[in-house]
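Asker: Given the structure of chain P, go ahead and fit chains W, X and D onto it with the hints provided.
There are 4 protein chains.
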Amino acid sequence: MADYTPTREDRFSFGLWTVGWQGVDVFGGAARPPLDPAESVHRLSDLGAYGVTFHDDDVIPFGSSAAEKEAALKPLREALAATGLQVPMITTNLFSHAVFRDGGFTNNDRDVRRFALRKVLDNLDLAAELGARTFVCWGGREGAESGAAKDIKAALDRYKEAVDTMTQYIVDSGYDLRIAIEPKPNEPRGDILLPTLGHALAFITELDRPELVGLNPEVGHEEMAGLNYAHGLAQALWHGKLFHIDLNGQHGPRFDQDLRFGAGNARGAFWTVDIVENGGYDGPRHFDFKPPRTEDFDGVWASAAGCMRNYLILREKVRAFREDPQVREALSAARVDELSQPTLTEGESLAAFRAEEFDPEAAAKRGMAFEALDQLAIEHLYGVR
Amino acid sequence: MADYTPTREDRFSFGLWTVGWQGVDVFGGAARPPLDPAESVHRLSDLGAYGVTFHDDDVIPFGSSAAEKEAALKPLREALAATGLQVPMITTNLFSHAVFRDGGFTNNDRDVRRFALRKVLDNLDLAAELGARTFVCWGGREGAESGAAKDIKAALDRYKEAVDTMTQYIVDSGYDLRIAIEPKPNEPRGDILLPTLGHALAFITELDRPELVGLNPEVGHEEMAGLNYAHGLAQALWHGKLFHIDLNGQHGPRFDQDLRFGAGNARGAFWTVDIVENGGYDGPRHFDFKPPRTEDFDGVWASAAGCMRNYLILREKVRAFREDPQVREALSAARVDELSQPTLTEGESLAAFRAEEFDPEAAAKRGMAFEALDQLAIEHLYGVR
Amino acid sequence: MADYTPTREDRFSFGLWTVGWQGVDVFGGAARPPLDPAESVHRLSDLGAYGVTFHDDDVIPFGSSAAEKEAALKPLREALAATGLQVPMITTNLFSHAVFRDGGFTNNDRDVRRFALRKVLDNLDLAAELGARTFVCWGGREGAESGAAKDIKAALDRYKEAVDTMTQYIVDSGYDLRIAIEPKPNEPRGDILLPTLGHALAFITELDRPELVGLNPEVGHEEMAGLNYAHGLAQALWHGKLFHIDLNGQHGPRFDQDLRFGAGNARGAFWTVDIVENGGYDGPRHFDFKPPRTEDFDGVWASAAGCMRNYLILREKVRAFREDPQVREALSAARVDELSQPTLTEGESLAAFRAEEFDPEAAAKRGMAFEALDQLAIEHLYGVR
Amino acid sequence: MADYTPTREDRFSFGLWTVGWQGVDVFGGAARPPLDPAESVHRLSDLGAYGVTFHDDDVIPFGSSAAEKEAALKPLREALAATGLQVPMITTNLFSHAVFRDGGFTNNDRDVRRFALRKVLDNLDLAAELGARTFVCWGGREGAESGAAKDIKAALDRYKEAVDTMTQYIVDSGYDLRIAIEPKPNEPRGDILLPTLGHALAFITELDRPELVGLNPEVGHEEMAGLNYAHGLAQALWHGKLFHIDLNGQHGPRFDQDLRFGAGNARGAFWTVDIVENGGYDGPRHFDFKPPRTEDFDGVWASAAGCMRNYLILREKVRAFREDPQVREALSAARVDELSQPTLTEGESLAAFRAEEFDPEAAAKRGMAFEALDQLAIEHLYGVR
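Protein chains in written order, with my numbering: chain P, 216 to 600; chain W, 216 to 600; chain X, 216 to 600; chain D, 216 to 600.
Chain P with its partners taken away, still in its complex shape (with noise of 0.2 angstroms):
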C-alpha cells in the first residue's frame, strides 16, 4: 500500500476559513480561539497543502482601511513566500455582517447591493494580485424565507449584472481570473437562489461573457438536495463548466455537515474521485470542510490531514478499479461502452432507421448486469481486490 502522504503536486488547498471555524453555530459560541491565517498556512504547508484559499473578511477585519488591509496582508504574504504556498483560489463574504441579511447581489437594497458589488470589485483586485486564478462566488444569502420577500425574476437579473460588471472589470483590467458560482439549496435561507450546480450552469448561459464563469460545486449542497454529487460533476463537465470544486462530506438532506472529505457518503466519496480523476477536471483539489466543534487544534490538524488522506486513498482505489481485467470485462458486460456510440448510424435516413425490426420482447429478457460490476466497485471501495 502507498504510504497516502500528500505532496504539493497532488494540488491540495483549504479555505482558511476551515481550520480557522471557531464553531459558532445557532446554538452555541465559539469553541476554539481564533486561528491566525499566517499560522495555518504554515501548519497546512507542513501537511502537505499546496494553496490555501479565502474570504476577503477571513484575513482582512470587515471595514478595514486601506492601511489596515495591507497590515493584516502581511502576515499572510510573508507565510505564502516562507511556505511556498499558493492562493489558488479567492471569495468575498457577503453574509456573515448583517449588512447582507438579505444578501449581497440581489438584496432588495440597492445600496446594499451596490456595497456588494464594490466589495467584490475590491476583491477582485486582490485575487488577481495573489496571483488566483479562480474567483468563488457563493450566493449565500441569497434567498428568501418567503414568497412575496423575493422577486426571483429581478434577482436573477441583478445576480446577472454584478457577474457581469465582474466579469467586464476583469476584462478590463487584464486579469487571468476566472469566476465560478457555488451553488447551494438552502442555508443560511430557507431557500437559496441557484440551489444547485444546474440552475448555476443554466445562469451562466445567460451571462454577457459565459466563457469567463463556470462552477464551484459542493459535495454536501448537492447530496443537501439528495442530488449525485459526481453525476453533476460529470455534467459540468459535459458543459465545459467544472472550474473548481469544493471537497467535504455530508448524510443528506439536513443540514450543512462540512464533514471531512471521504468521511460522509464513502460510495459517493469513490465516484467523486473518479469523476475528478478521470473526467477531465484539472483545478486544485479544494476542500471546504469544518471541524467538528467537539475538536480542539489538535482534532482540526487530525481533520485537515484526513481530508488529503482520504482522497489519496480513494485515488489508488479508483485507478485501480479502473485498471481491473475483471472490471474492464464487467463494464464489458453491462455494455457501458456501447453508449458512446451514436444512437444512428452516420448518413443513415431516417425512414431507413424507422423500417428496421426489433423484437422488444427478445431485448426486454436481457440483463444489464450492473449489480455485478458495483459488488466490484465495492469491493474495491472496501479494498478487498
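The reader is advised that the hints may include incorrect statements.
Covered stretches of chain X, as calculated for chain W (at least 3 residues, CB under 8 angstroms) [stated by the list, open to error]:
id: 1; segment: 262-271
id: 2; segment: 476-489
id: 3; segment: 581-593
These aren't lab readings, by the way, just hints derived from the structure by calculation.
Don't be surprised by glycine CBs; every beta carbon is placed ideally from N, CA and C.
Answerer: Positioned in the frame of chain P, the structure of chains W, X and D alone reads:
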C-alpha cells in the same frame, strides 16, 4: 365567494394516466379496474377540463400494429369530437416495458435506444396529427443505481442526440410542436439524469435547436429534492423556457406522492399559482397526479375535481393578495420593487461607483419587514383577509 | 370572522430565546442587539401571551455567582409581577458553552456530566420557585458525528441516570414539576440521541419514575425527519405523555428553520391544531420559533404576533371543520368512526371468529372516500367553506 | 484476506420476496418471470444462506383453499428438506391485495380488520409448524395520506388489539414464537403508523405481553427518515428488543430503494455490522433487498451473493477495528469508556455533589479527539489499515 367551477377558459388538462392509474405499486397490485380512455375524456369534460394528454401506451397497447393502433385511437377520437376536448400535449412511454429497464434514449444498449427513438418519432406524428403543441419527454428510467453502470457524459451525448433528432424531424415535418423536458431527481431509478429543472435548462442550451425545447416541471419532482417549485418556475420563465407544467402535491423528500393539486404543500401551492398566473406562463394548467390507491372511481373523480377547484381557489387568493392595498404597502416596506432597479446607474463609471461612501453599520440596522409581508400572504392563503 | 386577538385564556407562551435570538448562525454574526428579558415580558404581554419560558442562560449569564444570579433575575421578576405573566416552563442550556461540546448528560467526560447535572438541579430549584410546572430537557448536544465516538447504550444509561436523579430530586424536594423531553434528529450534532418523539417515549418507559416524565415535541424537529407531527402528537397522547408542545414552522428535511407557527407546512399546522385542541392536550400553546435574521425588532414582534394569530385562525378552522355537517357525513362515508369499534366482538371465541366467511374480492371494490373528505378539510384550511 | 464465503454458521437468511421480486413498480410492469420458491431455496442454499423467510402470499396464492395451500407448500417443504435450510421467520402480506387498500389491523373497515387478523392467525399456525421463531409484522398500508382519514389514537388501539390477540394466541397454542414489528415512515402510504423504531418500541410497552414483542428494524426504513440505523439498533438492544433485523441499502430520504447490503450508505453499514456483532444481537442476519429491475436472474443471484459477501467483509473490518491497538488508544483519548462510569458516585450525597468545584472554562478547552478516532475507523472501512 366564487363558486370555483372550472370552465374551458381555465384550460385545465389531465393526463389519462392520472385518473386511469389502477393503483399498482411496488407493494401491491391493481386496486381499480382499467379505465377506458374515452370514458375518461367524457368524465373530465363533464368536470370542466378543456384537454387531455397521454402517453402512447395509455391508449395504444405496446406493440400494436398500425391497424390495432388506429382501432385503439378511434374511440378516443370520437370522445374528443363529442366533447370538444383538446389534446394539448402528448408524451411517450419509455419506462414501463421491461425493454426500457435501463432507459430509452440513454440505455446502454444501442438497439434499445434506436427502438426508443423510433417510438418517439412515431409518437411525434401522432402528436402533430392530434393537434398537440407540446411534446413532453420524461426520462424516468434514464439513470442508474450504481456508479459504474452509466457513463454520464456519454449519456448526455445520447440524450442530446435523441432530442436533436426529434427537433430536426419536427422541423423537417413542418410540425408545430415544441418539446418539454420533465426533470425528476430519482424514482424509479436511484438517480435520474437531468434531476432538476436547473439541470434540464442547462442541457437545453447545448442542443442544436434550443428554441424548440423547454421544460415541463412537476411540483412533486422538484419538491422531492427539497427545492422551491415556485422559485424554479420563476427561473424557467426568466430563461423563457416554461413550456408546460405538471401540477400535483408532495410532502418533501420521500417517494413520488402525486397528490392532487393543493393537497400537499399548501403554502407552496399558493406561490405556484402566483407565478403561474402572474409570471408570464400561458400554457395549460395540467395535472399529473395519482388518485390514492384507497379510492374507487368516485374518489378518482372527486380527486380530479379537487385539483381544478383548488387551483381556482388559489387563483382567487393570489389575485386578492396582489390587489390588497395593505399588501402593496408591505411590499413597498420590504423594498421588493427596489430589486427591479439596476444596481448600477446607467452610464455610471466604475471609478465613481467605487468611490461612493456607504455606512454598512447604519444599513445593517434596517430590517427587511418580510415577516409582516408574509403574514399577509398567509392570511390570504387561510382566507381570513 | 373572529378578530383573532389572543387573550390570556388562550395560554400562549414564548421562549425568551425566540424573540431574543440575535441572528447568529454558522455563517454570520448578530443582526440584532440583545433584548432585555424584562422588555420581552412586557412586549409579549402586550401582544396577548400568558407566559414566558426560558433557559437559565437566557436570563442568568453563564457562570454567575448567587448574587449575580439574583441581580439578573430581579428585573424579570418585576416584569412578571407587573404584567401578571406566568413562567409555565423552564429549561436548561446544556449546549451553548464550549464545555458542552460533547453534550451534558451524555458527555464522555464525567466531570462535565456532573457539572451539567448540577446546572440542571440548580435550575429545578429556580423552576419550582418561579412556579413552573414543566421542566424541558432538550439534549441538543447529546449525540455524535462519528460512529466510535459515542457508546450509545452507555449514553442511554447516563441519560437515564440523569433523568432519574432529577425526578428523585423533584420528589424529595416536594416540587410540583414534571419533566418533558424534547427530541430532535440532528443539528447541531450529526445524529442526536432520542431523535424522534417515538424514541423518547420508549426511553421514558425505562426510567425510575416514568410518571413524572413526558414529551415536549417540536413541529420542526419531527418534520426534519419527514414525520407527521400531528400523528406524533396523537401517539404521545395515546401514551398519556404529551406534557408540553413547541409550535413553529419547517419545510421538511433540511436545517432547523424555526419559522413562525403557521408559516411552514400549512396543511400540517391545521392537523396539529386539530389534535392539540381535540386530542386531550391541556398545556400551554408554546412557540419555539426564530424571527428570521432579516428582521429588525418590528419584524420580531410581527413574527411573534403572527404565531398567535395563526394559531387562532387555525383553531377557528378546525372547529368549523369538526362541526360541518358535510364533514360529518364524509367522515361517516370514510368509516372513520368504525375504527373505534374493537375488531373482535366481546366474548367472541377465536374459533368462531376464524370460521367467519368473508369475500375479499367484493370488499376490495369498496373505496375509502378519503379524497372527498380531505377536499373538505383543504377547503376549511383555505377558508372557502 | 479471508475469502468471504458464507457458511451456515453465518446465519444468513433471505426473504423469498427479495430474489423473487419481478420488478413491478409504479412506473412499470414485470421485468423478470416469477421465481419458483423451491428454486430460490436451492439457489440460496448453494450461495451459502442458512434460511429463507416469506410472506404467506409469496408461497401460497391469496385465497387458496386448504388443499391448494398444502399443494403450494409441498415443493417448498421438499426443498427445505433437501437443502437443510431453515425458516427462521415468517410474515404476513397485509398490503398487496386491494382489500388492504387502507391497511389490515387498522383498516377503517372492521370486516377487513377481522379478515386481516384471521390471515395472521392462520399464518401463525404455519410459522409454528415450520419451526419459525420470529413472526414479523410490517404494517405497510397502516397509515394515511390525509389528516381526517385516520383516527390515530383509535388506530393504535386497534393495532394493540391485533397484536394482543396474536400474543394470546401464541401463548394459548404453546407456540415458541415472538413477534417483531417492522417500522417504516412512509411508502406506500403517505405516512405510516409506527414510523420509526422508536415509535414501535414505545408502542410495545403498552401491549398485554410486551415480552413477546420486539423489533425488526430495516436499514432503509430508518434511513428514509434520515436516522442513524446503528444508533437505532443500539437503542433497541438497550431496551432488549432487537428480535430480528432487515439488512439492505438506501441513500437517505427518498423512495424505498432496498439496495443490496453494503451498497448504500457504506459508512453506516460498517457501524451497523459493528453493533450487530458486538452489541448483543443473536438472531439471523436477514436480507430484505430488491435486486434492481435492471437485472436478469444472473444479476439477482449476484446481488444476493453480494449481500452476504459485503456482510462478511464488513464483519472482518469491524473485528480488526476493535482489535487495533491504535484504535484502543484513540478510544481512550476520546474518553469513550468514561461514559460507562456512572455520573454520580455510589452513595454520594446530592449536597456534597452539588458543592463540588469545577472550572468550566478550563474544561471547555479540552478537545474530544473524535476526528482522529473516526479517521482510523474510515481507514478500516477503506481497508488501508
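Asker: Each hint should be assessed against the structure and marked as holding or not.
Answerer: Results of checking the hints against the structure:
With a cut-off of 8 angstroms between beta carbons, the segment 262-271 of chain X has 0 residues touching chain W; three or more are needed, and the interface restraint is violated. Counting residues of the segment 476-489 of chain X whose CB falls under 8 angstroms from any CB of chain W gives 6; the rule of at least 3 is met. Residue count for the segment 581-593 of chain X with a Cβ under 8 angstroms from a Cβ of chain W: 10. That meets the three needed, and the coverage hint holds.
Hint 1 from the list above is the single one not met by this structure.
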